[in-house]
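Single-letter residue listing:
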Amino acid sequence: MDPLEEHYLGVTRRRFFGMGAKGMCGAMGGLALSSLLPARLAAAANVDGSVTGAGHVPGVHFRPKAKRVIYMHMEGAPSQLDLFDYKPGLRGRFDEDLPDSIRQGQRITGMTSGQSRFPVAPSLFRFSRYANNQDGAWLSELMPHTGAMAKEICFVRSMHTDAINHEPGITFFQTGNQQPGRPSFGSWISYGLGNANANLPAFVVLISQGFGNMQALSARFWGSGFLPGEHQGCKLRSAGDPVLFLKDPPGVSRADRRRFLDMVVELNQREMARSLDPEAATRIAQAEMAYRMQMSVPELADISGETEETLNLYGPEVRKAGTFASNCLLARRLAERGVRFIQLYMRGWDAHNNLPGEIRLQSAAVDQPQAALLQDLKRRGMLDDTLVIWAGEFGRTVYSQGTLTETNYGRDHHPRCFTIWMAGGGIKPGVTVGTTDDYSYNIVDTPIDVHDLHATLLNLLGMDHERLTFRSEGRDFRLTDVLGKVRPELMA
Amino acid sequence: MSDAIYQFIGRLHPMVLHLPIGLFAGLMIAETWWAIRKAPADRALRRVLVWMTAFAAGMTAAAGYILSEEPGYTGNTVTLHMWLGFAVVAVLFVAAVFASLPKASRAYALTLILGTAVLVPTGHFGASMTHGSDFLFEPFRAIEPPMLDAPPVSNEPLLEAAVPVDGNPQPAVVPSAFTTEVEPILAAYCLSCHGPTKQRGSLALHTPTDIFRGGKSGSLVVAGKPEESELYRRLVLPMEDEKHMPKAGKPQPSTEEIEAIRRWVEMGAAMEAGVKGAEPEKPTTVAEIPKAPAAPAIIEPSKEAIALLKGRLVHVEVIDPASRGLWIDFAGAAVIADAELAKLLQPLSSHVLELRMAGCDVGEATAAVIGSMPKLERLDLSRTPITIEQVRLIAAVKSLQRLTLVGNAGLTSEDVEGIRTSREPPLVIDIGGPVAAAEKPIETEPPVTFAKAGQAAAASAKLEPINAVCPVSGAPVDTKFAVLHEGKIVAFCCEKCAVSFWEDPAKFVVKAK
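Taken in sequence, the protein lines are chains P and Y.
My numbering applies: residue 1 is where the first sequence begins, and numbers increase by one.
My numbering applies: residue 1001 is where the second sequence begins, and numbers increase by one.
Check each hint, because a few of them may be wrong.
Derived coverage of chain Y by chain P (criterion: at least 3 residues anywhere in the stretch with Cβ under 8 Å from a Cβ of chain P; other residues may be distant) [claimed, not checked]:
#1 1197-1209
#2 1236-1243
Calculated cross-link-like contacts (lysine-lysine; reagent style DSS-like; alpha-carbon spacing at most 30 Å) [said to hold, decoys possible]:
#3 P:K378 / Y:K1398
#4 Y:K1225 / Y:K1375
#5 P:K65 / Y:K1310
#6 P:K65 / Y:K1375
#7 Y:K1440 / P:K151
#8 Y:K1250 / P:K65
#9 P:K235 / Y:K1440
#10 P:K320 / P:K247
#11 P:K428 / Y:K1398
#12 P:K247 / Y:K1310
#13 P:K485 / Y:K1216
#14 P:K378 / Y:K1310
#15 P:K378 / Y:K1440
#16 P:K65 / P:K320
#17 Y:K1303 / P:K65
#18 P:K65 / Y:K1225
#19 P:K485 / Y:K1243
#20 Y:K1247 / P:K428
#21 Y:K1247 / P:K485
#22 P:K428 / Y:K1375
These aren't lab readings, by the way, just hints derived from the structure by calculation.
Where a beta carbon is used, it is the ideal one built from N, C-alpha and C, also for glycine.
The following block holds chain Y by itself, in its conformation from the complex (with noise of 0.2 Å):
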């Protein structure tokens, strides 16, 4: 209760900031009234003024301080006001102090002149914040465009459209998501400051090439991602982020209403009204209207259902958010047995994407279930009874990709290969068997060595000796007997030679070239 009275004494603060003001007008113009006349003033007067103006002053600014503590009051131009309302305070102070004095008059007109600039900037920080920083002149201003590139569409054209009394079958124009479900959502709680008014962060969402061009932080929406889209994203972000959209302390959309924007950006933020059917046709009936594109309803799955299974300690996990999808997993459950276990699942089988049973007494029941699974897309059943009839059942299942059946002592690899076959797409079966011999590698490198930088060189350098002639002895070469020499194979008659060439080769080198 406390906290609710607290929190009235903070929105006081726009109603009790006209006492001040008004008694400082009053001010105002009883020393003009004064000046020009040259009468002398009306101290008592004065000084009632300016006391209780500064009280007044004192209280606004206690109540602005406390309102200031309610979320969504941050930024620049909230702690410019503060400020600036706190220097209007102390100046209002001094002036009276001053005039309560004897001989303070000059003081005095000179802190009335210096509250009157604090004042001004103050005012218009305030109001900044409740009407926009272009409040004031924005009439002057050119007129906005116009608000929609969509033609205007109303609850009832579905009908005329379709049915047109001159008879000439029209496309009937089906009014796009946008329309119906997301625009009404950015009025009612957008627009006010990203739109024809205001454009905070220089974002406007009135028209659709506004929220193309995004503002300051960029473009808005990327069509099919709405994890990447910042309209989204905004949206979904912890109430404290600062990004958080809308600000913290104005209404908030529905989960619903976020929804409907996340459905809009994944199927490609389209902003035209469809056109149904391109060639001529015949004119519908009143019973055939076209409906606009159904979004898919979110049905949210049972929740006793899964209280119950968690009440066993099977894991139980929304993992697809868009549509509620389940993966559920038996792996910390206690033993159940087949009909309860059919039993558990059976009102939870339409959100089912993933499901391990690994190690569970899985059998008649429990395989009809699992075959009636329309979203199925992995399956565990290791270490399970389960027969290769009761897998064919669950392989029937269209949309199941994965089947994990490692450890089934009743099925041989050539029922599991007949099933992975039977179906197109073929599905992916996991045995558990043993592994293939490790592949080898492409190519190896060959063994390493080292050179440094100029002998690198020696390595490719080819095996032919530079010369035919021994360059110690004369004689004609054997091949055998070679020396590397400054990157040169030189081939020797006999190993002596070979000997006496390395031990002194500067001697036979001339020979050698």
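In isolation and in its complexed conformation, chain P is listed as follows (with noise of 0.2 Å):
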């Protein structure tokens, strides 16, 4: 038998039939299983990081606006209300009940059934409005520095999605699926573009902790499905060593360690070899990767080099770790340093109860990070490649939750219609796109959907969303699932 063929069918065959590789049954049965077995078998570490596996090579398939992205998630679902859906007309129908016309029959989530009423809850921010390349764009005494980039911005306030619960709601707009077990938005984008620095991961995670309502953040907001292993994102820590156990411990030295991992990957690509197991080719790559990031992430996180002006303009909490500021910060320097996908998390935005007072501290922690990251990234020339997303999970109803006063309320989950903003890599700037009614309850006209959204970022990063897809369970499974269309409303 030939050695190769050998080699790909005997270990799983013989494990499952015991039999010799001669026997007519066991080559009709191996040649079934055949087509079980993983498709990175022949897959082998680069040098430079990657990975390449059998089949998929990563690379765009055309040109590109953008090459990378740095997506702020706001945890808990930001009120479009508060913060950019202005609705003027509703200061006049303080306390009314909501109308039947609009709610359309809806059904109430269960925090809120116990309520029996559903007064309407205007906001109580003054809205100005902003310069930009149509009529101006209106925002909230919230934001008064994203305002003044809205040159840069398009808000899109016609999103909707189907999850009314955070968990389903973020899986559904990190991986397009509200089920979990599928990869992540940067996932997909770090197998579909490969790495762009060998020092630093593709996919890097940075969280910071807000002042309201927070909820839970799975680590599977950000792993990689049934991607392989070395696509998941790789969270950086707050607060001390940015990767824990990076450092080498006193007495080793890199030498030292460079000589241990060449051992282990030695041993990893024997076990490879011996099993077929296509993760022992992840922890190769991670393996070199970490030993790369050894030096580069203590280089990222320093920020001294940065000129008093670059860090005046992020903000007083820049130089806290674990900030807001302080990520966005990171994050144009990774945005720099190649990194393709970097993800933001701002926890906090869940306001159910007080919203004027959560949302207050909330907004002031992340507007001026926000738009220095833009005017950083534009005064750097790297705004037009990079794309900037700014997105909750739903949006927030116009009936207050709990008890309605003029100085307080709360705002339970609306995914019927909510607004996201985006700038940079190829979207249309200063635009306003969709409109909703007179009560953002429902969209009147341009209904985006997550599918569409992902669709439409994957054709400005190059890559067709029907195209960039994965066999597992056997399908063919791709970020947009069987939906999306791309939008050219959004793009420039």
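Using the hints, build the complex out of the two chains.
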């Protein structure tokens, strides 16, 4: 028998059938099983940190507009009515009941089903109109810095989603499906485009704690699902060492580390040949990456080289590790160093009660840094090939959850319409896309769902969302599942 | 090897199936003969024939199942054919059993009839897969339209058209890219299922009208946009995708052929042959044979040069698959000296579209190489020791659109300004200087006040009092003392009257009106 054939079939078939290789039944059974063997049999780790397996070669499908993504996820769902969706007419409807013609029989969530009334709670924040490339963008007094950057930003007011709660909502936004198990957006980008800097992971996650009601963040939001393990997000910690156990212990020199690593890599390669386990290739790639990160991560986190002017741009919190401001600065530094997907999480937007107080604290923490990030990218010539996305997982209701007073209210989850904004990377700058009705409850025109958003973003990154697939469990999966249309309204 | 044997067995199916068909036909002829002649059936012969037919059918079905595992055998027809085939085998074995039993001749006859009934559709679906479902009756249908609308062009007419015998210069007919490149590809890989004989998915590709009409999935070609044209997209979908064309298992076009189709769509998907020169021309000589519009040949960038760069942890990526344009980023690389940088970049200079060399040791040699890059569009030379003369040299590259010079100690903003305006269109230069002060908003709404629906009118009410005489005392009003009552401003002469009114408005309301 051909030795290569032996190699591909031998181990699995023998283990299952316990027969000799030459038996006809063994051959037929083995052939049937060969389609079950993973595609990464010939996987090999390359010197630049990439892993080539049988099949997929990373690369764009056509010329991209954006090369990297900075995605700021506002976990908890920020209230669009108090930030972006200006509805002055609601001020005259304070404490009115939400009309049935607007609600159209939508199910009330478990949290608010105990309420006897659903009083309309207009926003108590003053909105201003900032110049953009249309007739101005309205933003509330909570985000003046962001408003000043309105000429670069595309506000999408007509986003909608299917999920009603945080876990499925964030999972849907990140993986294209409400049930867990699929790779995240960043993993797809890492798989589809590959790494641009061999010393850093392609997908980095930075989390900042919030001031309002916080929900859990699961590690699978940046997991790689069924994609090979090296595409998962690498979370940098906010305090202490950005990556645990990266530093060599005292007494171990870098040369020692290299020799140790060479031995580990060889053992893993033998394991790969013996058991055909594709994750052995991942271990090799990650070990090599960790070795390089020993030098690159301290250099990344050291902001002493930044000018005073730059640090002031991001606000007073920028020097405190773990704040949103510090993470924005790190995001810019990561973008400069070629990291493909930088995911920021800002927790604490889930204001079911005490919304005005909580949202003031939250907005104060994010407004200046996010605008500074846009400005910093722009003046370094990086904004036009970096996609910046700011999004929650859904919106908030126009009716108040809990007691409504003139100075306090809460809002429940609202998936039917919400606002996100994007900038850079081929997005049409300075426009507002989509309109909601006067209660910010239903979408009036240009509804855009999460699959469409993913398809459009992948298109800007140079990939056809129907071509970027991965075969798992007998099916070709893709980020957009079986849906998604590219939306030219969002593209420049 | 055994993989190949396995496949071979499966591929015997179209051959082996003739055996049970033949045996079954023989069996039916024998049965019919015995029935007509009313002669006692030769039971031994019957048993032999029916058991052989059953076993032969079994082998055929097994081979057929193995064949169905090859890629490309999906769809309703295959499923129907397979299950009906299994049914044929089952019925034949039952018939064989009945033939061997002493008193089962009626059951046997019925089973044979059932077997025929199942065999006919099995055969029909099987033949549909290989010959198309209309194969038998196709000759009875109308004649197909002619193959092409464009005038027939051979390889030689350029010469004839360009230098006609009668000396009258005629416009030379230049065969279009469609005729020379795309049409042969379609003929080789597509027309067997999407042509005059078969139109899978209601799609035909043998006439230009049909190509643009498209089929069940809509139109095929969006001129100028290969990425939106189904004709191209289906060629580049992954092989496992059901929509990939040609179907897996059939011959696949080569990369060059797919590229030819992509180019043709990108250049406008023109069908007609172009006509060179509307005005009368001098007869061209043999040396000036007009060529077909030359599609730009794709030159691959040097693999060795890319490997050398990648070995130094430089990121090299094909960012424009159509032209193999490269993006080269030195962000992850170690420090490399100027001379070596130049040597590494030189072999790829005709392919570089975007180049990021922030923090690199860019000097004379590298600047010269960059200055000779014909397609360079974006360049980042931040924090490099580059001088203003070198920047001027680089700015002369016509294709350059954007230059980033953040943190370059050796340059002043006046120098940079000079370069920015030195060429048309002006070069976009980012120097990362301090940002301008934030813009103030155009307008801000008035302070927020809430009102219930009915009360909204109060906000827009006039501030003039509705009365001139105090309703409590009858004296002239002093507008300083006014009360908002039911959306109207009521004025009073003094504070005391205002308080009285406030406590019991009903008493004075009539007077207020």
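Q | Hint check, failures only | A | 1, 8, 9, 16 and 20
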